[in-house]
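As given, the protein sequences belong to chains A and B, one line each in that order.
Straight run, no breaks: the first sequence in the numbering used here ends on number 279.
Straight run, no breaks: the second sequence in the numbering used here ends on number 95.
Source of the hints: derived by calculation from the structure; they are not laboratory data.
Please note that a few of the clues may not be correct.
What the hints assert, rightly or not - With a cut-off of at most 25 Å between alpha-carbon atoms, the simulated DMTMM-like pairs for lysine to aspartate or glutamate come out as follows:
1) A/K210 x B/E17
2) B/K31 x B/E17
3) A/K218 x B/E45
4) B/K28 x B/D80
5) A/K218 x B/E50
6) A/K218 x B/E87
7) A/K210 x B/E50
8) B/K1 x A/E200
Claimed, not checked - Cβ pair distances, simulated, as ranges:
9) A/A162 x B/A90: 41 to 51 Å
10) B/I29 x A/T271: 53 to 63 Å
11) B/N23 x A/R221: 30 to 40 Å
12) A/E267 x B/S62: 56 to 66 Å
13) B/E68 x A/T271: 39 to 49 Å
The beta carbon of each residue, even a glycine, is placed where N, CA and C say it ideally should be.
Below, each chain spelled out in residue letters.
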Amino acid sequence: MIYAQPDRLSRRRALVGLLGCLGGLLVPLRQACPADALPEKLAPLIRQAAGGVMPQVGRVSLSLPTLAESGHSVRLRVRVESPMTPQAHVKRIHIFSEKNPRPVIARFSLGPRAGRAEVHTRIRLAGTQQVVAVAVMNDGTAWMASAEVVVTAAACVEGS
Amino acid sequence: MAKARIKVPGVVKRGAVFEVRLLIRHPMETGFRYNNVGQKIPKNIVHTVRCVYNGAEVFHAELFPGIAANPYFSFFTTAEASGELVCVWTDDTGVTTSERVALTVSE
């Protein structure tokens, strides 16, 4: 006769339970940093860059490493979907930082001769934060993207 | 040592989009640091970079202290005719530096 043994923990059940716990830990970590939540501090700057309106999310792809060991030099790539013709091209790209003492990092001006709306550079980051890129098109519309970077050793910390 | 390095492809086909890589040697002092006797190190960054290809501006950047030391940029442009690409930049001390590179465009 086979008895059910409700009081004893089988190895299989223990492993399933353990995996479940690990999964449960990962979920809140992911929710803690939603990529589309925009930092409050940057909203007026972003609006100003976009000509008074809040840009739509999309068309811009901003790539930064998820984890940067040093905030002194973090590679950044910004790419905008645009045919780059005299009729439709990207005019300006603005890069903003959430926590740097100066939130504006750079402004790039492009034109139809660029052929491809893509710029790479290296930036400083004062701590773990969001970086936002805003692209302004020649027709006046604006698009944006943001990226979260975890910085282990921050750059330009006041008093350092 | 050269103040900057500009990398362009050896030969580009007319009409092709090519990458230009520019590396400027500059400390990019943020103005937030202090020296060993506690005095503020004055801000000195390259604030404007312009790249001109045969007389037409192809890249323009306004920079702030958030750009890393020895600023590096990579951007794209369309090959039109053989000639010269000139990059000019100015820092907070008012020094303007330029670097040029020859471009060969094939048919």
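For each hint, the structure was consulted:
Restraint check for A/K210 and B/E17: the C-alpha separation of about 29 Å exceeds 25 Å, so the hint is violated. With a C-alpha separation of about 5 Å, the suggested pair B/K31 and B/E17 falls inside the 25 Å cut-off, and the hint holds. The hinted pair formed by A/K218 and B/E45 fails the criterion: a straight-line CA distance of about 33 Å is larger than 25 Å. Between B/K28 and B/D80 the CA atoms are separated by roughly 15 Å; this keeps the pair inside 25 Å, and the hint holds.
Distance restraint check for A/K218 and B/E50: the Cα-Cα separation of roughly 20 Å lies within the 25 Å cut-off, and the hinted pair is therefore satisfied. For the suggested pair A/K218 and B/E87, the alpha carbons sit about 34 Å apart, so the restraint of at most 25 Å is broken. Taken as a hint, the A/K210 and B/E50 pair is honoured in the structure, with Cα atoms around 13 Å apart against an allowance of 25 Å. Between B/K1 and A/E200 the CA atoms are separated by roughly 23 Å; this keeps the pair inside 25 Å, and the hint holds.
Taking 41 to 51 Å as the suggested C-beta distance range, the pair A/A162 and B/A90 conforms, at roughly 46 Å. B/I29 and A/T271 have their C-beta atoms about 24 Å apart, which leaves the hinted 53 to 63 Å range violated. Separation of B/N23 from A/R221 is about 21 Å and departs from the stated range, judged on CB atoms against 30 to 40 Å. A beta carbon spacing of about 23 Å between A/E267 and B/S62 contradicts the range 56 to 66 Å that was offered as a hint.
Distance hint check: the CB atoms of B/E68 and A/T271 are about 44 Å apart, consistent with the given range 39 to 49 Å.
Violation of the numbered hints given earlier is confined to hints 1, 3, 6, 10, 11, 12; the remaining hints are satisfied by the structure.
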